[in-house]
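A.B. asks: When you get a sec, could you build the whole thing from the sequences and use the hints?
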Amino acid sequence: MASPNIEIKEHSHGGELPVSKLDVHGSFDVADFPVPNGREEEWRFTPLRRLRGLHQHTEATDGKITVETDAPAEVTVETVGRDDARLGTSFLPTDRVSALAYASFTEATVVTVPKETQASAPVSIKVTGTGQGESYGHILVRAERHSAATVVLEYAGSAVHADNVEFVVEDGAQLTVVSLQDWERDAVQVSHHYTKVGRDARFRSFVVTLGGDLVRLSPKVGYTAPGGDAELYGLYFTGAGQHHEHRSLIDHNVSNTRSRVEYKGALSGEEAHAVWIGDVIIGEGTEGTDSYEHNRNLVLTDGTRVDSVPNLEIFTGEVEGAGHASASGRLDDIHLFYLQSRGIPADEARKLVIRGFFAELINRIEVPELRERIMTEVEEKLALHE
Amino acid sequence: MTKFEIRGLRADVLIGAEERQEILKGVDLTINSGETHAIMGPNGSGKSTLAYAIAGHPKYEITDGEVLLDGENVLEMGVDERARAGLFLAMQYPVEVPGVSMSNFLRSAVTAVRGEAPKLRAFSKELQEAMKGLSIDPSFAARGVNEGFSGGEKKRHEILQLELLKPKVAILDETDSGLDVDALKVVSEGINRARATGEIGVMLITHYTRILNYVKPDFVHVFAHGQVAESGGPELAEVLEAEGYERFVKAGA
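Residue numbers (the UniProt record's numbering), protein chains in the order written: chain L, 1 to 386; chain E, 1 to 253.
Be careful, since some hints might not be right.
Computed from the model, here is a short list of chain E residues facing chain L with C-beta under 10 Å [said to hold, decoys possible]:
1) LEU29
2) GLY56
3) LEU89
4) VAL97
5) GLY99
6) PHE105
7) VAL113
8) ARG114
The hints are simulated quantities; they were obtained by calculation from the structure and are not laboratory data.
We put the CB at the ideal spot given by N, CA and C, even for glycine.
C.D. replies: Right, dumping it as structure tokens:
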């Protein structure tokens, strides 16, 4: 496992402005990003060969995806073309695949939760891949000021898919997102979640990655005003031969913002590979940032690989709290001993402990059906690898 | 009628991959159902090792001797089999198992030990009553196993498990440590309820005589240097209270 990188630079006056190594300059122009060769910091953990050309864009955009939506009446859901002025206003693509996806999608889904509206039920967006070939998508979710909603984003089927998802959480709004990567075993996905958190707004994200051959998901959070709060939770169960990569970036670019990042995963089987990169930037001149990130991996068998790298860059001396932790290990003998000492057979004790490891996160999802479904799928994967 | 016999038990504590140290140096002790044996002794004498070694804790390895429960050698059983055979260890430091709810854990344990799943409603009632008897707030059933519990709360839950699992032999490892007088009374009452059936043998491991005012022992053994150094009736506890363990610490040191 790689060691954490921490860089602390004091607030400087005059001379060169401190430049973050973590905050890549964005661009909508694909040509601004050279085709990666795998040696770049942001690509070195990703097996490029298995991206099936998604980073090169050599194949024709012939993949087919369907997008189904379901929302309560008070929430607006639209399918719009590339020219819709609301798209692409909250972010700049930060890597080649993101720029390619923005340049290549044909239709976008726009979800609007009107101001001061509390959605009466979760909004569902289901993206289903129907075959091979590259496909590109775009989704914009806007929670207008003082609104509240939960959006469930689900990916299923077979695809080689890249997309950008914009979450705009306006002042005082509360948006919860559950993104479920439940692909068939052969799917490839590269996704970016770009989130802007407004004044006193709250964003909660649950990224649940179970399926696919390769899933690389990069949630990025920035703040537009003080008082914003972002909690990013992640759960993955990486089986034999799967590559699951999660790369979060929290940019505390304004004062008095809070973030929590907690990603937990289990790995089981030969060549199961999980990557977690947790970047946090605490910007120059900001005060009162409260940030903590945490990654835990449960290694269930031999032959797996975990890369877990927290990066923290601080450009100010006025920080409320900033910390990180990363731990990877096997099931705790002492947990198993305790359960077994009460008569519980070894295999059942193992299941209880693994279940418990995930339950801590799953129990925070406020949609009961989803909690049960995710736990059931985790158990199915568990049964597969027992 | 159950007979629990420890014969010539020797055990090592495993320290890291290579290192080990012998802690138990030939322990002999017999406990019949209906009897309570207090095991007293100075810190570091091996009392807790005795408890953990019998239960099958991975940090300890038995090198010689046997532990018989009605003639069956429990050392040949897995940790879970020992519990299902009727052995129970109330731990000095109960383990926190995050994310596993106490109620789910207890139901799994009761199902395993009784050999069949109890009816949900009947079990829920049984659990509520047992918790009430130990002054445990009902909200604890939904919390993770021992997660964030205070020392006293953990001890109450160990005795809760004792009452639900109804073992033939219970080893209580310093159940009194860290309890205030009120908590000590509550916990002692739980132990006495379990003893009232007359069908349980109890090995009560303690450093202090305090708990013996509430849970009256039939026999008292002094444990020192990995062995039973002296045995007697309840009066031995009074001698220890007055004199301390000094002569046992010196002897053989």
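A.B. asks: Hint by hint, note whether the structure agrees.
C.D. replies: Each hint, compared with the structure:
1. LEU29: This interface hint is violated because 20 Å lies over the 10 Å limit.
2. GLY56: holds, 7 Å
3. LEU89: holds, 6 Å
4. VAL97: Since chain L brings a Cβ to about 5 Å from E/VAL97, closer than 10 Å, the hint holds.
5. GLY99: holds, 3 Å
6. PHE105: holds, 7 Å
7. VAL113: Hint holds; E/VAL113 Cβ to chain L Cβ min 4 Å, cut 10 Å.
8. ARG114: Holds - the Cβ of E/ARG114 comes within 10 Å of chain L, reaching about 9 Å at its closest.
Consistency note: the structure conflicts with earlier hint 1 alone.
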